[in-house]
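2 protein chains.
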Amino acid sequence: MQSQISRLGEFDLIQRFFKTQSELMLANNPGSVKLGIGDDCALLKIDPTEEIAITSDMLVSGRHFFPDANPEWLGWKALAVNLSDLAAMGAKPLGFTLALALPGPDSAWLEAFSKGLFAIANQYNCPLIGGDTTAGPLNICITAFGSIPKGKAICRSGALVSDDIWVSGTVGDARLTLAALRHEIELTKEDLREIEAHMHRPTPRLDLGIALRGLANSALDVSDGLLGDLKHILEESGKSAEIFLDRIPKSSTLLKQSQVIQNQFAANGGDDYELCFTAPISKRNVITQISADLNLPLTQIGSIKSMQHATPEIRIIDKDAKELDTQEANLLMKSFDHFA
Amino acid sequence: MQSQISRLGEFDLIQRFFKTQSELMLANNPGSVKLGIGDDCALLKIDPTEEIAITSDMLVSGRHFFPDANPEWLGWKALAVNLSDLAAMGAKPLGFTLALALPGPDSAWLEAFSKGLFAIANQYNCPLIGGDTTAGPLNICITAFGSIPKGKAICRSGALVSDDIWVSGTVGDARLTLAALRHEIELTKEDLREIEAHMHRPTPRLDLGIALRGLANSALDVSDGLLGDLKHILEESGKSAEIFLDRIPKSSTLLKQSQVIQNQFAANGGDDYELCFTAPISKRNVITQISADLNLPLTQIGSIKSMQHATPEIRIIDKDAKELDTQEANLLMKSFDHFA
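Protein sequences appear in the order of chains A and B.
Residues in the first sequence are numbered from 9 upward in steps of one, following the working numbering.
Residues in the second sequence are numbered from 9 upward in steps of one, following the working numbering.
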């Protein structure tokens, strides 16, 4: 068996782990895909009333995941982080390409990886349409495509003064999981099991993104930390914000931690893949109804303000209605930088 | 200065080396790009009469280029290999995403890389619309998008019996350059200078691809070796082929080498990025005219035949009109495998 595996070449492994399953998905529902894996390019046909949203994320071993990460979870997460970007624009998935560098044609790893990858691809009806494989240090690069009715994309630049600022689900659990895996914080096995899916198998909020078309004035997905990411909305929109720290939604597991850890991880944890969006106050009832329909908590955590100085600011109000001073606020707002 | 460079973070380097130049290109000619770098997704608007061609290539240090490769050439080549895939379908470039893993934020490297990248992006009017940067072993993943009138894409699967088989330009020079750089073959400095651009700065045959719409029955770009790549056309089309070995077009520099090296490198060298296509005999005059218009040699090297056995075969005819035996033919037809 080993000798058979070691003889697996590039074309065999594409066929065995990716092409067959891709063809199966497309046979059941070709959707917009006119041509999938196997030619120089894939071909998509586009509904004339729609625009195409495109996003690309590269995941590197040791930086975005542990070198011994469960490959099935990794397959899920690699597509999830891209679908999360589509969700943030209000786009509906059309398909994705996968470029993969692997130290060698490792059958067991590829089988698990493709299992996780196609699990989420099938769940969100987003077929693999092309890509590339090569030998090299482990690197996963996915580019995902979505469609959105013309003019309906939710951009970072649309926030208006007095908009409510909302966040979906809870934030901070992925950071808490990381802290537990790094033994910075001790969690019970039960607590870890409760929250680790937030880090390993995040749920892209695609239904929410689509529901927010025409409702939200701006949105992004929380990948680097809630307040740091919110800053991107403020920068693109030329606005400031006021955030009520104790309103930031946290899981019951995170709520067991110290107040400092709670605030730090929820405000600045990263890897949450929830949506942060702004919408007019008049839309509160509609948004509450969407939350009920999707069975997904949506929490109003503050408001958009006009910009008082040359750059956007976030005023952070603590539970005693006191504004955090600059040093306290900076600590909470530091966004994750892949080169820091 | 060094301290300033070392403080360059992810957001700074995207802004400095990629976003500004991307915005400049889009300001001059937004084309189909509705939203470029800076949001969760880029947005493309698509002409309702067109389809989208998508291709993705990942380049890894030590596998696709030498670790000390000239970063300016690398920037050119990384986009060129993707544009070559668009050319092979007959697509016109719309834009591309770049995902880049770098050991660190190396300003000098990035400046040269982006110079080469934007040189080819500008030449073929293909703007950078989004992407990702991260720390990690050097890895360049580009996904490129092109448009093509509905139903006009030139696929690998369309070859018909009695089609002429054509190849553009000359093949084998990239392999000869590699042999010289590896000191397998000694070349004069003049000879090396004459041919090395074929390896380092390949020319995507976009004008040819567009001219072949409605003319060629099948096409692909020669990236892994002419005869090995031709085999993909035969497999997808369910056909065999007859190739006249001495008709395969070679540069004057390659023609100085031994007959064995000439045949091996031209038939099987790889990294050529010429187009191999098939077209009816009745189109010979039109194709000769295209060759003249584009100032690009187009050479008819053989014909498509019906498949006599269960799998496609390539009969290779030598200059004495003698068919190569299986062993000789196999040597020439071995395609490059990234895991071999």
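Bear in mind the hints are in silico, worked out from the structure with no lab data behind them.
Each hint should be verified, as a subset may be incorrect.
Identical chains share a label here; the pair holds if one copy fits it or two copies do between them.
As the list claims (entries may be wrong) - List time: in silico DMTMM-like cross-link candidates among lysine to aspartate or glutamate, alpha-carbon distance up to 20 angstroms:
| no. | residue 1 | residue 2 |
| --- | --- | --- |
| 1 | Lys158 | Asp301 |
| 2 | Lys160 | Asp55 |
| 3 | Lys42 | Asp55 |
| 4 | Lys313 | Glu119 |
| 5 | Lys291 | Asp215 |
| 6 | Lys239 | Asp199 |
| 7 | Lys158 | Asp326 |
| 8 | Lys239 | Asp20 |
| 9 | Lys291 | Asp114 |
| 10 | Lys53 | Glu119 |
| 11 | Lys27 | Glu244 |
| 12 | Lys42 | Glu244 |
| 13 | Lys53 | Asp114 |
| 14 | Lys239 | Asp215 |
| 15 | Lys53 | Glu331 |
| 16 | Lys42 | Glu58 |
| 17 | Lys158 | Glu243 |
| 18 | Lys327 | Glu204 |
| 19 | Lys160 | Asp254 |
Hint-by-hint comparison with the structure:
1. Taking the shortest Cα distances, Lys158 and Asp301 never come within 20 angstroms of each other, neither inside one copy (25 angstroms) nor across copies (39 angstroms).
2. In this homomeric assembly, Lys160 and Asp55 come within 20 angstroms of each other (Cα to Cα) both inside a single copy, at 14 angstroms, and across copies, at 17 angstroms.
3. Taking identical chains as interchangeable, the C-alpha atoms of Lys42 and Asp55 lie at most 20 angstroms apart whether they share a chain (13 angstroms) or sit on different chains (16 angstroms).
4. Taking the closest pair of Cα atoms, Lys313 and Glu119 never come within 20 angstroms of each other, the shortest separation being 50 angstroms inside a single copy and 38 angstroms across copies.
5. Taking the shortest alpha-carbon separations for Lys291 and Asp215, only the intra-copy value of 18 angstroms comes in at or below 20 angstroms, while the best inter-copy value is 51 angstroms.
6. Neither within a single protomer nor between protomers do Lys239 and Asp199 lie at most 20 angstroms apart by alpha-carbon distance, with minima of 31 angstroms and 55 angstroms respectively.
7. Within a single copy, Lys158 and Asp326 get their C-alpha atoms no closer than 41 angstroms, and across copies no closer than 57 angstroms, so neither meets the 20 angstroms cut-off.
8. Taking identical chains as interchangeable, the C-alpha atoms of Lys239 and Asp20 lie at most 20 angstroms apart only when they sit on different chains, with a minimum of 15 angstroms there against 46 angstroms within one chain.
9. Neither within a single protomer nor between protomers do Lys291 and Asp114 lie at most 20 angstroms apart by alpha-carbon distance, with minima of 51 angstroms and 47 angstroms respectively.
10. For the homomeric pair Lys53 and Glu119, neither the shortest alpha-carbon distance inside one copy (30 angstroms) nor that between copies (37 angstroms) is at most 20 angstroms.
11. Within a single copy, Lys27 and Glu244 get their C-alpha atoms only as close as 40 angstroms, which misses the 20 angstroms cut-off; across copies the closest is 14 angstroms, which meets it.
12. In this assembly of identical chains, the alpha carbons of Lys42 and Glu244 lie at most 20 angstroms apart only when taken from different copies (16 angstroms versus 36 angstroms within one copy).
13. In this homomeric assembly, Lys53 and Asp114 never come within 20 angstroms of each other (Cα to Cα): the closest approach is 35 angstroms inside a single copy and 40 angstroms across copies.
14. For the identical chains of this complex, Lys239 and Asp215 are neighbours neither inside a copy (24 angstroms) nor across copies (44 angstroms), given an alpha-carbon limit of 20 angstroms.
15. Taking the shortest Cα distances, Lys53 and Glu331 never come within 20 angstroms of each other, neither inside one copy (52 angstroms) nor across copies (44 angstroms).
16. In this assembly of identical chains, the alpha carbons of Lys42 and Glu58 lie at most 20 angstroms apart whether taken from the same copy (17 angstroms) or from different copies (12 angstroms).
17. Within a single copy, Lys158 and Glu243 get their C-alpha atoms no closer than 24 angstroms, and across copies no closer than 40 angstroms, so neither meets the 20 angstroms cut-off.
18. Taking identical chains as interchangeable, the C-alpha atoms of Lys327 and Glu204 are never at most 20 angstroms apart, the minima being 28 angstroms within one chain and 67 angstroms between chains.
19. Taking the closest pair of Cα atoms, Lys160 and Asp254 never come within 20 angstroms of each other, the shortest separation being 32 angstroms inside a single copy and 58 angstroms across copies.
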